[in-house]
Amino acid sequence: MSEQETFSLPEATLSESDGVRYLHLGSIWVQGAMRIRKPQVVELEYVQRMLASLLWLPTEAIGQGRALQLGLGAAAITRFTHKALRMPTTVVELNPQVVAVCRNWFHLPAEADVVVADAGRWLHEQAEPQSVQLLHVDLYDHEAAAPVLDDEDFYAGCRAVLEDGGLMSVNLFGRDASFERSITRIAAVFGADQVWSLRPTKEGNTVVVAGRHVEMPARNVLTERAATIEARFGAYGLPARKWLRMLRPYAGPQPAREAR
Numbered sequence: 141m142s143e144q145e146t147f148s149l150p151e152a153t154l155s156e157s158d159g160v161r162y163l164h165l166g167s168i169w170v171q172g173a174m175r176i177r178k179p180q181v182v183e184l185e186y187v188q189r190m191l192a193s194l195l196w197l198p199t200e201a202i203g204q205g206r207a208l209q210l211g212l213g214a215a216a217i218t219r220f221t222h223k224a225l226r227m228p229t230t231v232v233e234l235n236p237q238v239v240a241v242c243r244n245w246f247h248l249p250a251e252a253d254v255v256v257a258d259a260g261r262w263l264h265e266q267a268e269p270q271s272v273q274l275l276h277v278d279l280y281d282h283e284a285a286a287p288v289l290d291d292e293d294f295y296a297g298c299r300a301v302l303e304d305g306g307l308m309s310v311n312l313f314g315r316d317a318s319f320e321r322s323i324t325r326i327a328a329v330f331g332a333d334q335v336w337s338l339r340p341t342k343e344g345n346t347v348v349v350a351g352r353h354v355e356m357p358a359r360n361v362l363t364e365r366a367a368t369i370e371a372r373f374g375a376y377g378l379p380a381r382k383w384l385r386m387l388r389p390y391a392g393p394q395p396a397r398e399a400r
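Number 400 marks the last residue of the sequence shown (the working numbering); no jumps.
Here are the simulated BS3-like pairs of lysine-lysine, each with C-alpha atoms no more than 30 Å apart in a straight line:
1) Lys382 x Lys178
2) Lys342 x Lys223
3) Lys382 x Lys223
4) Lys178 x Lys223
5) Lys382 x Lys342
6) Lys178 x Lys342
Hints listed in this document are in silico derivations from the structure and should not be mistaken for laboratory results.
Note that this is a predicted model, so its numbers are computed, not measured.
The whole structure should be built from the sequences, with the hints applied where relevant.
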């Protein structure tokens, strides 16, 4: 990263309210959060939903392989994949200030492999093909209007890094039109039958899960897996059985809404 690129990045700042510490990037938008006395809990609802990809994994496969995270946020997913799943975890984060703040204030595991780099460039130049079981993508700038990397070339890089049976979770936040464009691009790369979404949170975050050669399990299997996830990771606050009511397969491009 050049000096000019580093200088132009927004400042990473903190706020605290009701026992929760928040990460910001030069604006009021929340980029991540951690409950100070229970740092293991996955605090934000949309971050919890990004872990719904666990439902596609056989119970015995949870924790196997490697985890990759594009966009560090407040390190909630990093803490989970490293400490709860005990997976070797690599994080790619553009802003070195975010890394420093997470090390000092958000319990970023020292053992996590943190790379300060542009995620898209790193995927195409340094990532090892088919080396990752779980990929989490949360790439927003300080304005939080739309993903900063969101074209088919980027999602092709994401798919290429997944092993067979691997899964990607993406946080999409923004207007309906922005979401439809993004999920259509993901489906174009992964295949329409390999893409699912969860119901939007009240804040407007919609999580999309996409797989590389995965199958949606039968409903009874999903129910059993959800119960196991809740029992195994109860201290982390994952409402896995609720996720089942939110899942829907990709249904193809949606018609544009008429302006009122």
